[in-house]
Structures are given as structure tokens and as C-alpha cells.
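K.L.:
Letter by letter, the chains look like this.
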Amino acid sequence: MTSVGTGYDLSNSVFSPDGRNFQVEYASKAVENGGTSIGLKTKNGIVFAVEKIITSKLLVPGKNNRIQTIGRSIGAVYSGLLPDGRHLVSRGRDEFNSYRSQYKEDITVPYLIDRLGNYVQAYTCYNSVRPFGITSIIGGIDEDGTHLYMLEPSGSYWGYKGAATGKGRQSAKNELEKLNLDELSTRDAVKEAARIIYQAHEDNKDKDFEIEISWISKEETKGLHQFVPEDLLNEAKQYAEDKLNEDEDEDEEDEDENMEE
Amino acid sequence: MEHDPFRWGRPSDQAYGEYNNSIAHAGQQQSFPKMNTQQPIVTGTSVIAIKFKDGIVIAADNLGSYGSLARFTDVERLFPVGDHAVVGISGDISDLQYVSRLLEDLEIENNYDYDGHSLRAPHIHEYLQKVFYHRRSKMDPLWNSTIVGGLDDSGKPFLKYVDLLGVQYSAPTLATGFGAYLALPILRKVVFEEKDVEKIDEETARNAIKECMKVLFYRDARSLDKYSLITITKKNGVVFEKGLKSEEQSWRFAKDIKGYGTQKV
Amino acid sequence: MMVILLLTHQLVEYALEAIKQGSAVVGLATKEYAVLVALKRNAEELGSYQKKIIKVDDHLGIALAGLAPDARVLSNFLREQALNQKMIFNRPLSTEKAATLLADKAQKNTQSYGGRPYGVGLLVIGYDETGAHLFEFQPSGSSLEYVGAAIGARSQAGRTYLERSFEAYANSTKEELIVHGLNALRDTLAQDKELNSKNTSISIVGKDIDFTLYDDDDVQQWLDRLDSVSNARTGVNNDNNDDDDNNDDNEEPTKKEGEDEEDKMETD
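Chains as they are written, first to last, in the numbering used here: chain A, 1 to 261; chain B, 1 to 265; chain C, 1 to 268.
So here's chain A without its partners, still in its complex pose (with noise of 0.2 Å):
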């Protein structure tokens, strides 16, 4: 970063010589240390997970709930810095109840994102505001269907089958890659997800942390955005830690082997 330290980077609203946007990308820098969340699209359903880092033994286990529900049958997660999270949240809350009160129905999912990424982008064209520091993966179920959306401090956004964002995205997105998500169950999903944010997590393993999952389906939820019971989430990380354990043992052999090379 040529430019950090010339002044363009202060203020938001400034591009620099090279036609950059400082602060935006400062506030990415910021998502990029988040505990890890993904989002999975199925065929019929959603499913959110992410690794919350105990920053603190004192904190209460299972509370502090970093998935939200923006209305009904759509639900967000996010990596960044939280506040601004339920910031976006709850103005997603505010588009979702002020469609519901114009046009007495759902708003539909394209549109939702499409409003919360106006919403998002103006955030970088003031110097009286900064933008959000959050990436946020949004989604839900309408009369269309599944949607899944990753939303960035920038304002733009894109469709996803597998979302991933925050410190482990990048082994994150390998794992989604592999995923076979048109065939793949929304219960299943459930699963890889945990297996998913286990495996992100070993690049972050000197921290403890715990794990949240919630889901939408037609199916299993009646179409509302709802954590997992408790079962499938105990049946879920038990998959995660076998899987992992497999994993190291693989690792281990080829280890082996490369050492006999």
C-alpha cells in the first residue's frame, strides 16, 4: 500500500491517486480477523455456521448468538466487527417490515441484498461515516426458491452456492468447493458445515472456540430461519472431530511418505 500515510487514506469519500478507497479497505482488513463463517446453499435449504473464538472463560457457553434472523425465513451471518453486524441486521429487519407493510407480502431475498447493498455502499461515499467492517452472508428461502448472498464492506455482493468469510475463508472454500451441494441434504449440510468451521479453525488453534448452526428448510424448519436442535448439533460436531481426526490421521501417513521421498 503505496499510498498509506499520504492523507488519502484518513478519510472515506477520497480516492487516492490510483483510484483507491482507503477505508474500504481498511475495513476489510478487519473482516479478515473475524472468527470464520460460511453459508451453504442446498437444493432445498440454507445453512449458516460460524466459529465463535472465546475470548474469555467467563463468557456464558451458548449464548452471545452470532447468527441473527433478518425476517421469517432469511437469516445473516457475518465476520468483522460485530456491532456493525447487528447494525446491518437491523436494518435488514427495517427493509423487511417496511416491504411487508407496502406490498403485504415477503420481500424477496434478490431484492433484500439488493437494498441492504445500496444500504452498505453509502456507507463509503461520506467522510461523516465510515463504512462496515463487516463481510456478511446472507440468506434465505422466497417463492423462488433457496438464495445465498456474501455481502462485502464495499457494497457489492454476489450469489453463492458455499459463502465463506472471515480468518479460515480461504481453507473454508477449498472444503465448500469439494461439497456436492445440488445433491447434498439441508441435514447433511448441517453437518459439513460444522466439519467445515472445525477444519477452518485448525489454522486459528491456539484459541478455544464454539460453534454456532442454524438453518432454513421447507422440510425441517417449515421454511423459518431457527438454530438446530440440539441433537443434530451434537450429531454434527461429533461428524466434525471424527472427520478431523481421520484427516490428521491421512496427513500423518503422506507425511510419512514424503519423508521416505
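Check the hints yourself; a few may be wrong.
[What the hints assert, rightly or not] The calculated lysine-lysine pairs, modelled on DSSO-like cross-linking and capped at a C-alpha distance of 27 Å, are:
#1 C/Lys-20 with A/Lys-207
#2 A/Lys-29 with A/Lys-205
#3 C/Lys-86 with B/Lys-130
#4 C/Lys-40 with C/Lys-51
#5 C/Lys-105 with C/Lys-51
#6 A/Lys-222 with B/Lys-234
In case anyone wonders, no lab produced these hints; they're calculated from the structure.
Dock chains B and C against chain A, hints included.
P.N.:
Same frame as chain A, now just chains B and C:
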């Protein structure tokens, strides 16, 4: 030749007398500054409900009347809210639709938090009472009578009434509209006071409600024999039955009733 | 180090500093009870002590560290919200809801220019249908639920005590919980200071008790339960032991806890 274009194509004064201009300007000639709803338009009739030892039963028919015309025959007037509550609404159907959306909004908002604080029947009743009283105080009432049913904070059966004036009361048997005259006496034979609630089971309560729906269809000219019924218990939550029919009707007595219809004598 | 350099966010870091300047408050929670204890300061000899604990509703209260006027604005806001919830739904405002309302309010001041962030940290305790809860609110817009928390000057020492004993007090009675709280608070004291009925505030809320605040003379009964009212870590004033020895907590804080303390701010 009429030279005023405004008069072209209009009934001639010679044939019909001079036009009464107060008709065209009715809106500007009010003797009062503003008027809100004065009467319901499309209406739903009674809602009836009873407590039993494990919960409540509530029913309302599916008719939307336009005056004496049976205009809509598939109107749903029972609205489950959350896991253990229902609101039954009678009165103006457009206000009913508005109230039902308020209830939906309430439920959506309550589901934001997964903190174990559920929205129960007493809370919903309190909220509705505030809405109705607020609107009547603005002289713009929502033209409805409602019964909120479900379980209270300690899991006991809960029934409470609230109407367009914000009037509220609770009883082990409740009915709105005509039902208050036709159904309540029958329901009170089953449960007269609060302590009787313990003595009756779901089956008894259900049969009493069904019997009342039939009586209402016989005697309330703005009613229908197609209705919805909801049972709420701790064990099964909200059980919603739609499109029930009042069975074993007998209209043989009708031939003896005189004074209207096609009868001559 | 946070890399967002915009002024608004830098101010948040300063706001967090303002909390460290305030005198310490400690909160603890079990499933049935939640407790706040606080160290009060008086600006001058003849002045009164600054109130540290504010009741919000029969089931809800907060303790503050930092700018007291900011805390009063926030507690008034919470009272409004609690009253609304009572008025509209006839139910108490849930503790979690109270904490997130505060957080969302504070977040706004961190993202846009014009307002400054709140210069106060809060511990929120409450008892509702899901039991007793303790939340720590920060001006950065975060509210997290803890079983034990300490904020304010030298609060690290209090936190160390809580981290060591939170498993022990998980099932304790309300009396024991208050004693644990006072022990943690005592650990935050500077060498020449001690807890007394003038500078200590205690509050509790829980299963069979509405939010109750003990100040002045009412505090003494609780101080009497401690083995020492001065900081045991420093090893001084141990002879000043005029209290009853009915305290079942014989865990003596060891000396080394204080040494990793990062803030060397004076408590007065």
C-alpha cells in the same frame, strides 16, 4: 342551443328539475371537520370459546357478510400467534385483516431473539387491548370484538375478551356478538365458573363448542355452518381444524315458520 | 491494532479508556441470582460519593464505570424501554433485550460523525423468565453475557479472582455470591485503600428478591462477612481484622495476580 359545455350531455332541467349541486360538492359541505369509520362493512359474526382443564377450545365460522348478503364464505377468523396462543376476531373484515397483520408483525419481531422469551396469550391480549383503546381514543376505532385464547405464564388456560372500545374481561366461557346471547348460556351449563374448568376434559369442551356452532347457525341469520376450530393444550400446542361442518342438521321446523319468504299465508 | 483510522472509530478507543478511569465495578451471576458490587469515589473530602449502581426496574439494574452522566442517559433510556414493555405487553423487559438495545444504541455513535461514543461501560443484571443474567456493555456497541465481569480501574485483578472462582460460585446462595463479589472488588483496591460502608455499593436481584440496593449503613452487614476489607494481595492492613470470621471462603488471593495488571491508574 346550449352554449355552456358543462351542461352538454346532462339531464335537462326542463325534464328533471334543477340539479342539486350539494350532491356534487358533498365532500366540501360537511357540517363537521372529519369523520372516521361509523359502521362495519363486511362483517364476521360470533367467536366462541371455552376453557377446559388442559387448555382452551375456540371456534368461528367462515362467513363474511355484506349486510344481509352472505358475500364471502371462506373467511378465516382464527389467527394462531406463536406456539400457545390464538386470536379470534369478529366484526369488520378489513379491520380484521389489519389486526392480523399486526399480529404477524408481532410474531416476526418476537422471533428475532432466541432467548426463550416467548410471546404468550396474556401478552398478546395486553397488546391488542392497547391497540383497540388507542384507536377508540383517536375516535377511529377498529370495528372488532376479539377473544384471545391460549395458555398463561404458568401454563394454565387463558381466555380474555377485548373489543373496539378497549373493553376487556376474562371468563371461563366467552363469546362475541350474537354468540353472547345464543351460545354463552349453553356453554355456561358446561362451565359455570372458574372452578368448573378443572372438571371438564377436551372432549366435553369440544362437543359443547360444536353444539353451540350448530345453534348459532340455526338462529343467527348472519352465520354459516362451515367453521374453523382451534384447540390449544400444553401437550399438543395449537391444533388447527379448518372447514368443519355442522352435522346432523334438521330444518323440518322451517316449514312452520311464517311471515317471510315465498309463503303467502 | 484496529486498522480503521476514521476519527469516529478512534474515538471509541478513547471511550474505552474513559471506562478504565472510572472506579471498579464487579458483576456475578448464577442461574438464580445476579449481583453487582461497586467502589464509589468522592471527588473531594466534603463531597458525596458518586452513585455507581442504578435501578432500572424491579427486575433490572446497571452499574457503571466511566462518565456517570452518560450512564444516566443510558439508564433513563432503559427505564423508558422497561416501562414500554410493561405498558404494552405487561411483561418485564428481558435482560438480554435490555443489553442489546444498549449495544445497538451505542453502535450508531461509532459509525457516523457528529456524536461521540458513550464514555461509559455498564454491567447490566436482571432476573427474568429465563433466570438471572449478567451482561457487559461497551461503548463500541458490544453487549456480551458473562458469568462474571469486572470493569473500571484495576479491574483486571477482579477479573482474575472471578476467573479463578466462577466454577465455585455457580451454585452458591445469594449471600455467598455477594461475598464473592466483594472479594473480587477488594482485589481491585489500591494498596492504601479498603472497602467500607461509605465507598461500597452492593445490589442483588434474583429468584425471590427484587432488585435491591445496599448503600451506606446497609453495606456493613456484608462487609462483616469478609475476612479482610483491604486488598489481601498487598499484604498490608491484615491486622485490621475486626470482622466476624464466619466467612466460609478461605481462598486467599495470592500475590502474583496483581503483577500482570496493565493499567496503573489511581483509583481516586
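K.L.:
Taking the earlier hints as the rules, which of them does this structure contradict?
P.N.:
none
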